[in-house]
Amino acid sequence: MSTTLAPTAPAQDRLIVRNWKVPVVFGILAAFALVVFAVLGPGGTATFRLSQDGDAWQLPNLVLPARATGIVVTVLCLALAALAYRQTQRTGRTERWLGVSFAILFVIGLMVWIIAGTNTQNITLVGLFTGAMLIVTPIVFGSLSGVLCERSGVVNIAIEGQLLAGAFTASLVASITGNALAGLVAAAVAGVAVSFLLAVFSIRYLVNQIIVGVVLNVLVAGLTGFLFEKIMKIKVEGATIYNQPPHLPNLPIPVLSEIPILGPTFFRQSILGYLMLVLVAVIWFALYRTRWGLRIRAVGEHPQAADTMGVNVNRTRFRNVLAGGAIAGIGGAYFTLVAVSSFSKDMTGGLGFIALAALIFGRWNPVGAFLAALLFGVAGNLQSVLSIAVTPVDGHFLAMLPYALTILAVSGLVGRARPPAASGVPYVKG
Amino acid sequence: MSDNRAAPEAAEAASAAPAASAGEADLTGTGTAASPGAAPGQGNRILREIMSGNALVSVLAVVVALVIGGLLIAVTDERVGAAAGYFFARPGDLFGALWASVSEAYGALVRGATYDPTARTWLGQLGIFETLTIATPLILAGLAVTIAFRAGLFNIGAQGQIILGASFSAAVGFGWNLPPVLHLLAVILAGAVGGAIWGGIAGVLKARTGAHEVIVTIMLNYIAINLIGYLLKSPLKDPNSSNPVSPALHDSAVFPLLLGPNFRLHAGFLLAVLAVIAVAWLLNRSTLGFELRAIGANPSAARTAGMVVSRGYIIVMLIAGALSGLAGVAQVAGTEKSLDAEVAGSIGFDAITVALLGRSTPWGTFFAALLFGAFKAGGTSMAVNANVSIDIVLVVQSLIVLFIAAPPLIRAIFRLKSASSRGAAA
Chain R
1 MSTTLAPTAP
11 AQDRLIVRNW
21 KVPVVFGILA
31 AFALVVFAVL
41 GPGGTATFRL
51 SQDGDAWQLP
61 NLVLPARATG
71 IVVTVLCLAL
81 AALAYRQTQR
91 TGRTERWLGV
101 SFAILFVIGL
111 MVWIIAGTNT
121 QNITLVGLFT
131 GAMLIVTPIV
141 FGSLSGVLCE
151 RSGVVNIAIE
161 GQLLAGAFTA
171 SLVASITGNA
181 LAGLVAAAVA
191 GVAVSFLLAV
201 FSIRYLVNQI
211 IVGVVLNVLV
221 AGLTGFLFEK
231 IMKIKVEGAT
241 IYNQPPHLPN
251 LPIPVLSEIP
261 ILGPTFFRQS
271 ILGYLMLVLV
281 AVIWFALYRT
291 RWGLRIRAVG
301 EHPQAADTMG
311 VNVNRTRFRN
321 VLAGGAIAGI
331 GGAYFTLVAV
341 SSFSKDMTGG
351 LGFIALAALI
361 FGRWNPVGAF
371 LAALLFGVAG
381 NLQSVLSIAV
391 TPVDGHFLAM
401 LPYALTILAV
411 SGLVGRARPP
421 AASGVPYVKG
Chain F
1001 MSDNRAAPEA
1011 AEAASAAPAA
1021 SAGEADLTGT
1031 GTAASPGAAP
1041 GQGNRILREI
1051 MSGNALVSVL
1061 AVVVALVIGG
1071 LLIAVTDERV
1081 GAAAGYFFAR
1091 PGDLFGALWA
1101 SVSEAYGALV
1111 RGATYDPTAR
1121 TWLGQLGIFE
1131 TLTIATPLIL
1141 AGLAVTIAFR
1151 AGLFNIGAQG
1161 QIILGASFSA
1171 AVGFGWNLPP
1181 VLHLLAVILA
1191 GAVGGAIWGG
1201 IAGVLKARTG
1211 AHEVIVTIML
1221 NYIAINLIGY
1231 LLKSPLKDPN
1241 SSNPVSPALH
1251 DSAVFPLLLG
1261 PNFRLHAGFL
1271 LAVLAVIAVA
1281 WLLNRSTLGF
1291 ELRAIGANPS
1301 AARTAGMVVS
1311 RGYIIVMLIA
1321 GALSGLAGVA
1331 QVAGTEKSLD
1341 AEVAGSIGFD
1351 AITVALLGRS
1361 TPWGTFFAAL
1371 LFGAFKAGGT
1381 SMAVNANVSI
1391 DIVLVVQSLI
1401 VLFIAAPPLI
1411 RAIFRLKSAS
1421 SRGAAA
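Chains as they are written, first to last, in the working numbering: chain R, 1 to 430; chain F, 1001 to 1426.
Among the hints, erroneous ones may be present.
Label pairs and their calculated CB-CB ranges [to be verified]: (1) R/Ala239 <-> F/Leu1257: 29 to 39 Å; (2) R/Gly92 <-> F/Ala1305: 31 to 41 Å; (3) R/Ile253 <-> F/Asn1240: 27 to 37 Å.
Far from chain R, some chain F residues (derived; all Cβ distances over 12 Å) [said to hold, decoys possible]: (4) Tyr1086; (5) Arg1120; (6) Pro1180; (7) Lys1206; (8) Arg1208; (9) Ile1218; (10) Pro1239; (11) Gly1260; (12) Pro1261; (13) Phe1269; (14) Met1307; (15) Ile1390.
Capping the alpha-carbon separation at 20 Å, the derived lysine to aspartate or glutamate pairs in DMTMM-like fashion look like this [to be verified]: (16) R/Lys233 <-> F/Glu1078; (17) F/Lys1233 <-> R/Asp307; (18) F/Lys1237 <-> F/Glu1336.
Read the hints as simulated data drawn from the structure, not as lab findings.
Built from N, CA and C at the ideal position, the CB exists for glycine as well.
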């Protein structure tokens, strides 16, 4: 018996399930690059300005000839597609660095094509990135909230509502107290309050978590809108006094802030910008390198097993949802204390849903969500930077990019985004 | 029959394949209690629902939501604040002010939504017709959420489906030249097709790749918003206007008005009623509807029974998309008569709350849509006459749904006996 079993077991191991999605997608994109970037590519050049006038270290402008870049990108893309084909034929899968380098190459080709096709043919990269941070920061806070909730098994569709509640409360409390930090704390409390409703209804009353999330978004939009009309429009001596929050100051870090491109983007921010970077690192470390994180992931993946091992599933979920609310609330404060100077109705404008997209595209991982948020933020800001220029591709299509990528991700066409197994399923002991 | 078998297995399936059945097993917490009663006689069912206390919970949820909304209105009213300042001197004033502020606001709401004898013109008195007009797209989009619900899918994408339907029907409405009746039919068909395409994408992805329909439909909503932004920038834009709007639809392409030129109520309302009847028949009387409900109750059991679950997902999302598309038609060919970026308003999201309030039954959705239409119509009059922001309507609507989705909470507030066990057994 054992002699007959021995050869069959390795044979089964060698049975390769080939996944052709990646080579096919690469091939289609490479063909797109061939036609659009190389053959039909615009003449002339694309100029990327790397430094601003006031910078300590001045970098020369990066000038790329459009069609030549297009040809180089196309050739490399085709090479990567061929490599992906070979890898798939041999091992059934493609290695991860292939996808990453393909994406980077393609984005470079796309950028050069877009910029060279505009009427001005140049773009300030620093402006593009610093502008993008205005969108990226709240998205990252929102995604981190989602990470904490979903990793413990609670779907958080209410990110949008948490951000909006944070923005409103921060503006109101900071205006009354005249202290931006007080506004920040209040925003966290408001986020926790929204989260508390989410937790009570989905964990205590076992209501479908998606329904609660959707409804909470409407509730917060209604509440903030109503209170905005009733309170924030009260005028004393001709001026509104409850919607004039003080700003959180920018705190440039001495040496780091002088690094070209990276400095202005990451190291000339308000305290919220640094808090965001710290939180990404801390939450990643806590989730994947500590006992606490292991428990949370266990609760999100297999609550019965976690319960058997003595983890209180619902208490863990409750705490995580509340913590997520605090983080998203603080992210909401960014709107009124840093980005703009007052609250307006529905000012989060769907960023909470982009945060959800970033969370999924980043595979429920804090660092992944951060990178996805950067990508989405740059795409979104590119759209507004280019909205005044005549471009080869309409800005609305750039704005669709995050959503389209997320759909591709959840349907398994670009990588495979798999949520925590028990996410969205209430846990009833017994 | 299969429903009875499905009930114990639903819990099993939920634990065996949690990721796949995240939105399927139990949508409202009461969904399982409501669905088994749907098959037998209609009259019996309605009677039993009231007896079992589910309808009572709905009514009480509305009451509690209105009370909380009223508190919010009262607390933020200046007169109440002033009276509270000398509460101990004359406590009666505070309660008088409270009553005045709330009754003024809700009075304006009710009068604006139904009949207002104090309005200056007799046309302005009949707010009921405005209620029906606003309810029309809500009924259609609500049905789109309802029918997907019954097949176990959570269609958050009504918003995007409405936009696509509206764009398609507007393009046909001002771009083609057809004889009167034929043109309107073409506009309706185009809207249904546009919405069905958008819904179908989510259905196909769900069926073929298992992509969660909630994520896909949310993302499709935002793609649709950007798509209409692009369409109104060049392809569908009115060249004679500086604003991003389409040219007006031809007269042959719009719904005829039902009550003459003084009211906005149009024939789209009749279309909505027809759609309710059709969906009710489809769900409760047809083989397809039985399959869809079986898939919604327990996909594994449905598969075992020989039904093709993936086909069901695609079909139901096509139908749901088409219904949302018809809501877009009602907007473009009924009230707006041209296409703009705000054509869907918040209808797609209101539709979710409408379907939840209607307990995912076609006629329940119909009456829930009428209620929300009344809220909107009355909210406008409340904003004008009682100086209460229309946003309070959003608060009340969302509270209603929260309370309805959590019957134990309402039972706890009113100390009702748990009726769910009786309801489920029946």
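Hint check:
no. : hint                               : in the structure
1   : R/Ala239 <-> F/Leu1257: 29 to 39 Å : 47 Å, violated
2   : R/Gly92 <-> F/Ala1305: 31 to 41 Å  : 35 Å, holds
3   : R/Ile253 <-> F/Asn1240: 27 to 37 Å : 54 Å, violated
4   : Tyr1086                            : 21 Å, holds
5   : Arg1120                            : 26 Å, holds
6   : Pro1180                            : 35 Å, holds
7   : Lys1206                            : 9 Å, violated
8   : Arg1208                            : 8 Å, violated
9   : Ile1218                            : 6 Å, violated
10  : Pro1239                            : 17 Å, holds
11  : Gly1260                            : 35 Å, holds
12  : Pro1261                            : 33 Å, holds
13  : Phe1269                            : 25 Å, holds
14  : Met1307                            : 23 Å, holds
15  : Ile1390                            : 8 Å, violated
16  : R/Lys233 <-> F/Glu1078             : 13 Å, holds
17  : F/Lys1233 <-> R/Asp307             : 56 Å, violated
18  : F/Lys1237 <-> F/Glu1336            : 15 Å, holds
Checked against the numbered hints given earlier, this structure breaks hints 1, 3, 7, 8, 9, 15, 17; the rest are met.
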